[in-house]
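Quick note, the sequences are listed as chains A and Y, same order. Sequential numbering from 1 applies to the first sequence in our numbering. Sequential numbering from 1001 applies to the second sequence in our numbering.
Read the hints as simulated data drawn from the structure, not as lab findings. One or more hints might be untrue.
Said to hold, decoys possible - Derived pair list, reagent style DSS-like, types lysine-lysine, alpha-carbon separation capped at 25 angstroms:
1. Y:K1185 x Y:K1231
2. Y:K1169 x A:K17
3. Y:K1140 x Y:K1126
4. A:K17 x Y:K1029
5. Y:K1206 x Y:K1027
6. Y:K1206 x A:K14
Said to hold, decoys possible - For the chain A half of the interface with chain Y, some residues (derived, Cβ under 7 angstroms), not all of them:
7. E16
8. M50
9. P57
10. S59
11. T88
12. I92
13. V96
14. K102
All figures in this text were calculated on a predicted structure; none of them were measured in a lab. Ideal Cβ placement from N, Cα and C applies to all residues, glycine included.
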Amino acid sequence: MPPKVLLNKCDGCKAEKEPLCEQVCPGNLMTLGEGNKAICRDDRDCWDCMSCTKACPQSAIETRVPYQIGYHPAKLIPMMGTNRITWTCVDINGKVERWVIKTRNTEDEDEE
Amino acid sequence: MEVVLCRCPGAQENPLDEGRLLELLSKNKRVSKAVVIEHLCSAEGVKRLTESIDGGKDAGLVVAACAADPLYRLLKPHLETLGIPRQAFEVVPIRDWALWAHPGERAMNAANDAIRMATARVKASKDIGQWNAGSAYINKLGCDKCKRCVEECPVKACVLDEDGYPIVKQELCQRCGMCVGSCPKQVISLPDLRIEEISAGLRVLKGDGSEEPTIVAFCCEPLTFPALTAKVAQGLTLPNNLRIVKVSCMGAVNMALVSDALSSGVDSVLFFGCKDGPCRLRQGDELAARRLDNLRETLDRMMIDMSRVRYIGWPEAVSDGVAVNFARCNGCLTCQAVCPFGAVEAAEKKVAGKNRKVAERKELTCRSCGVCVASCPSGAAQPIGSSDRQLMDEIDAACWDGFQPVAGEVVVLCNCMGALNDKIDFSHLESNLREEGIDRVLLSDRLCAPEGWVKVREALGAELPHTMVVGACAEEFFGPRMRKYAREAGLSEVELGFTEASASEIFSCAARMKRAIQVGQESGCELAVCLAEQVAALKLMGPNPFRE
């Protein structure tokens, strides 16, 4: 399912030639569309890697969870930190699960 | 790294249980050595510090003391001899953030937390070239060329090179930090503002295991940090697990930091910044508000209560500025031509029955720079808090010429437990002051302790003066506590002016206090109410979902 761009949050990366979502999409599917907002070129070719969702500085992209996994209201949202990503999964019943995944290979200095 | 706890010399009782604090610090794996050194703000104290520190591979120094900024400036020149790299040094204002803000039992936990955050920041510090750059530093390797830093730099110091990567023009960079806050890849840093360091500090916050929510409050250096410190000195106590992080401006706080804090279990992140006031350093408040709106929308979608992250505006006392005497103003509008901030507007005012064109100041825009005052041909513009007349009086007073004290002028001198007796001839100073008309000169041996002020209060008797000049040492170190003890001794209605103990300085200070134009009241922020509401709301929300 294609990424959904929240038009009120997307600022087109200030209408650069290559907004961040376009830079990062491995399938070359994201681009600037009408009104200088991001848009996915081809819905069916998206393979839900969520790179655009993670890269967007405004968190303006939401990926629809594929229907084989979860129906329409289900959500999977990443929140980017400095060395971690915090994932929140809301399933169709509204149950919430969260994970914090470290994205850097530094030694864990947070424990004392 | 080493942690040094400072202690006031001859303190009658230890306000903070040092033994217990040292014990807690010994459990901190980052700390190799924790000691107590007396009187760090003196030459002997610095000498003792130099002897105690052995630099070396993992050198780092965290000093926990009273006045953080003056002590930092005092110790900075010695860093090289100590073998401590610039970025591995921090001073934690233990007195303000633990003793005063969290009185009683909570002080120990607050002190330990504050020091832990500092040790985490120092451990994460790394010189990646920002100190040599002296300005904002961009790590090109991680840059995505999104150009947000270029967009948001208020002085256009950030420009693009031929490849499309941003570079910082050092001569223009104001080190405001807006770029640091804007970068979605967190690759920009200032010499004293590194996202990794602040993040490391935030991640060690665990709270005290009680039900009190853990709150991180970002405070800005020009306004809310000193204002909050002043409020704490006046008696404001902060909620149990509230920890302060100082940044250059709200616009310098990167949203990844908020994300890190929340994912580590911090219950709430507050931004204390300016609001509609003359500060608005580089419109950091607008940038922060915009980024926060974005983040809150994401939090909402993530089923995290949006009000965990809030921007609290600090209403500034708009008492600075320029006062215009409309009777003198001839409407030439030279001030408007020279004002760098566009703070002058032409207006019609009725003066002596006739409508005249005069120049008015826009309160919120005026930055009290004084250029209009210097340019005004008729002398109609005067800066509030410092008039030409006052400056002349101060100069006169400094030359001991024509100083006319108001009846009831009181001067309090401190001799620092006798230590200043061989440097200042107090009896000579006292007789000079009396000759010039100061009728009450009080001598104290310890104004940096509460007992000193109790004795001053007793000596003043029933008749309290309106103003009092205090001739003591180091106002920047001891000022806040002197004001606090004076207030506690019953002298809150008396206005205090601080100066060094010499006759000319005392007269200058007295002249300055006399001529200052008082405008309005200090607009207090209902901060205590705001914080209490936030804590109550957080308790209703329950603990941060990430803590489960």
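Checklist entry - Measuring from the C-beta of M50 of chain A to each C-beta in chain Y, is the shortest one below 7 angstroms? => result 14 angstroms, violated
Next on the checklist: K1169 of chain Y and K17 of chain A were given as a pair; does the straight-line alpha-carbon distance stay at or below 25 angstroms?
Outcome noted: 24 angstroms, holds
Next on the checklist: With the threshold set at 25 angstroms, check whether the alpha-carbon distance from K17 of chain A to K1029 of chain Y stays at or below it.
Outcome noted: 48 angstroms, violated
Item to check | Agreement of K1206 of chain Y and K1027 of chain Y with the hint, judged by alpha carbon distance not exceeding 25 angstroms | outcome: Judged against 25 angstroms, a Cα distance of about 15 angstroms means the pair holds.
Item to check | Interface restraint verdict for E16 of chain A against chain Y (beta-carbon cut-off 7 angstroms) | outcome: 6 angstroms, holds
Checklist entry - Would the stated hint for S59 of chain A survive a check requiring a Cβ distance to chain Y of less than 7 angstroms? => result 4 angstroms, holds
Next on the checklist: For the restraint on T88 of chain A, tell me whether the closest CB of chain Y is nearer than 7 angstroms.
Outcome noted: 4 angstroms, holds
Item to check | Restraint check for K1206 of chain Y with K14 of chain A, where alpha carbons must lie at most 25 angstroms apart | outcome: 39 angstroms, violated
Item to check | Hinted contact I92 of chain A with chain Y - closest CB pair below 7 angstroms | outcome: Since chain Y brings no Cβ nearer than about 14 angstroms to I92 of chain A, farther than 7 angstroms, the hint is violated.
Checklist entry - Per the CB criterion, is P57 of chain A less than 7 angstroms away from chain Y? => result 3 angstroms, holds
Next on the checklist: Please verify whether K1140 of chain Y and K1126 of chain Y have alpha carbons no more than 25 angstroms apart.
Outcome noted: Holds, at roughly 17 angstroms.
Item to check | Minimum beta-carbon distance criterion (7 angstroms), K102 of chain A to chain Y | outcome: 10 angstroms, violated
Of the numbered hints given earlier, the model fails hints 1, 4, 6, 8, 12, 14; all others are met.
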